[in-house]
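Colleague: Here's the letter readout for the chains.
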Amino acid sequence: MTRHGSLRVVAQVAIFAIVMFAFISPASAIPAFARKYSLRCTACHESWPVLNDFGRNFRDNGYQLRLGRDDTVTADPGYWPVAIHVAPSYVYKKVTNQATDQGNKDLGSGGVADAGMDLLTAGVLTPNISFLVVPTGFASNGNVHLESYWAYFSRLIKNSDWFNVRVGQFEIDLPASSHRNLELTDSFLLYAYHPSVPGGTNLAGYDMGANQRGVEIVGHDANSLTRYTATIFTAHDSLGSANGFDSPSFYGHLQKYFRFNDGPVSQAEVGLWGALANYPTQYLTNGGVPIAGSGSHLQSSTRYGMEANIWFGPLAAPLHLDLVYGHGSDKKDLFQGTADRSGSFNGGFLEAIWVPRADLMHWSVFGRYDLIRNQTQPLSTAPSNFNDQNQWTVGAVYTIAYSIRDEVALHAEISSDKAKGVGYGGLDQRTDSIMFGVDFVY
Amino acid sequence: MFYRVAQSILLLVGALLAGSAVAANTGDVKTGKLVYERYCLSCHGAQGNGQGEAAEYMSIKPRDYRQGTYKWRSTPSGSLPLDSDLEHTLLNGLYGTYMPTWRALDERSRRDVIAYIKTFSPRFGTEKPQDPIIIPPDPGYSVASVARGDAVYKKYNCAQCHGAGGQGDGPSAHELKDDWGNGLVPYDLTKGHVKCGDKSTDIYRVFMSGLAGTPMPTFADSLSPVDAWDLVHFIQSLSPLYAKNMASGETGGAR
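Those sequence lines, one after another, are chains A and B.
Residue numbers for the first sequence follow the working numbering, so the first one is 1 and each next one is one higher.
Residue numbers for the second sequence follow the working numbering, so the first one is 443 and each next one is one higher.
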């Protein structure tokens with residue numbers, strides 16, 4: 001960024017901040033669960049939207065507190081299970097070595113990002129059936145669609161917490177949720193990364209963090225300190241798949257939490273996870289378009305790894321570190337003849353969330369470092385570090401107001417992402433972002 | 443870059459460790475305040491007076507902590523509760539009210555928040571809780587014991603408030619108020635969930651220690667332990683839920 005450029009950015013941020021502050025007035029409507037149970041966001045969220053222990057247990061229990069006022073009949077009659085979430089923000093983004101028809105360019109641009117609105121509706125139908133539906137895409141140029149929707153059948157066998165079933169479209173139970181993370185300018189590299197061939201294709205393009213359609217079995221102990229999930233799903237965007245179980249993909253996750261009654265560490269967690277996604281590599285077409293359900297010759301894209309979390313200080317205001325490692329490989333045939341072998345990589349991230357011991361948990365500071373290192377390039381002649389990536393994100397959230405009905409927070413963040421050899425003429429590409437926004441739910 | 447990130451993380455950890463040296467066993471009041479603000483404030487209020495922002499909309503009001511008056515105790519009538527009584531309430535929640543169970547929190551957070559809520563009442567500084575009442579072992583549920591319990595229920599006129607059928611509709615039921623001036627209804631014994639725990643010992647302690655701050659009296663002076671256990675079994679017999687659990691050999695109610 002030139003000095004002139006950075007001055008422009010500062011001016012834009014300042015104007016945006018003034019406009020935002022002018023518009024913030026106490027919201028009066030209601031986040032669904034907070035209102036239903038008269039709890040503040042902080043009860044379930046370590047720092048919104050990251051879940052804490054109480055929130056995880058609440059979710060595992062099918063969004064129930066189980067004290068006789070969960071379902072539609074026993075809940076407060078005024079309860080209407082809808083909340084909205086919007087995060088208007090200013091984003092400045094700069095990309096280097098961008099290939100364009102006019103040659104190699106460095107591009108920078110900033111503006112108020114076209115925010116979407118999430119409408120969240122979730123609740124309890126009967127003591128054993130809960131639901132969630134999230135229409136999204138209420139953006140000026142978007143199409144409203146359902147980001148996720150599911151029904152959760154809890155305690156199906158002998159009223160046991162060890163067997164619950166979720167059906168619909170939902171995020172698989174990843175080590176750190178990519179729908180409930182604090183970072184807004186960057187996504188988890190490990191979840192979305194696929195080995196690639198310069199200029200080639202890869203049929204497997206799914207992002208583990210995106211919502212997938214399928215069936216999930218969830219089991220947990222009373223406090224969700226030991227839990228597992230097993231999911232069978234159809235990976236999004238798989239060509240020629242009927243979105244049924246003709247090209248099933250599998251995911252599993254096992255977690256155990258440990259608590260310490262004394263000393264600086266209050267809690268730790270370890271987990272194992274793995275995904276095996278299957279993609280048809282041959283299918284019938286009509287007018288060049290793959291016909292759903294005609295796919296065959298399944299090839300796999302596998303991911304597996306481990307995770308560790310540790311919480312320093314009191315869980316009410318912790319320093320929370322989350323380390324996730326994964327190994328991934330995509331089969332040769334997924335590259336449709338552009339690769340001469342299967343590709344593999346190692347990756348992961350280290351995330352830190354710190355909630356200072358301030359009154360009312362107003363602040364949280366967070367950062368994440370993501371790393372991708374290719375192990376085997378699918379094209380043996382490609383540079384061994386082609387598309388290796390490094391990314392970091394640092395940010396802070398200041399919550400202006402919490403109540404049982406709404407939450408308004410200011411959010412500032414910077415991030416930088418470097419990818420080897422993917423820019424113009426095989427040069428490295430770097431993307432820097434700076435973001436300042438207001439995040440509100442009610 | 444990486445080293446700088448790592449360095450700042452180490453610094454943060456160091457700062458936190460320095461700030462969080464907590465003595466074992468007794469809760470830490472300062473940390474308890476954070477726990478309270480995170481979880482309890484919306485109902486019990488910043489001053490601990492039970493007037494959090496949500497209280498207005500509740501028919502059963504959150505506890506005002508300032509008097510040190512707690513309903514569910516193992517200690518005799520008039521006494522402060524033990525920490526373990528408060529812990530029991532936090533673990534269990536209060537069924538049918540807005541008070542959730544805080545079982546999913548870690549033990550430390552509960553210990554700290556208990557230390558903190560006690561600071562709202564000066565009584566904890568000047569008085570000591572009395573020794574807990576002695577609860578002899580449950581002699582066991584039987585038809586004969588239920589029949590004897592029915593007689594005890596009549597003899598001590600529980601029906602005055604709880605109604606002849608135990609449905610909380612006795613002659614006095616509608617005029618009852620608690621110490622804070624809020625109206626309250628006697629428990630419907632046929633519902634199968636007492637507010638604070640479904641074990642037979644939880645029911646026993648209700649009428650042997652009384653629910654302080656409410657018209658629900660203690661019968662410790664007049665009831666013998668044998669009568670008391672018969673009464674527990676009678677109460678259990680009124681609810682289909684308990685009957686089901688007795689049959690399947692479980693000690694608690696359904697959760």
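Think of the hints as simulated: they come from the structure by calculation, not from any bench.
Glycine included, each C-beta is placed from N, C-alpha and C at the ideal position.
Careful, some of the hints might be misleading.
[To be verified] Counterexamples of contact, computed for chain A against chain B with all Cβ distances above 12 Å:
#1 N52
#2 A115
#3 I157
#4 E171
#5 L184
#6 G219
#7 D359
[What the hints assert, rightly or not] Looking from chain A toward chain B, a few residues come up when the C-beta cut is under 7 Å (computed):
#8 D53
#9 G68
#10 T72
#11 V73
#12 N261
#13 I400
#14 I404
Colleague: Would you pick out the hints that fail for this structure and give their numbers low to high?
Modeller: 1, 7, 10, 11 and 13
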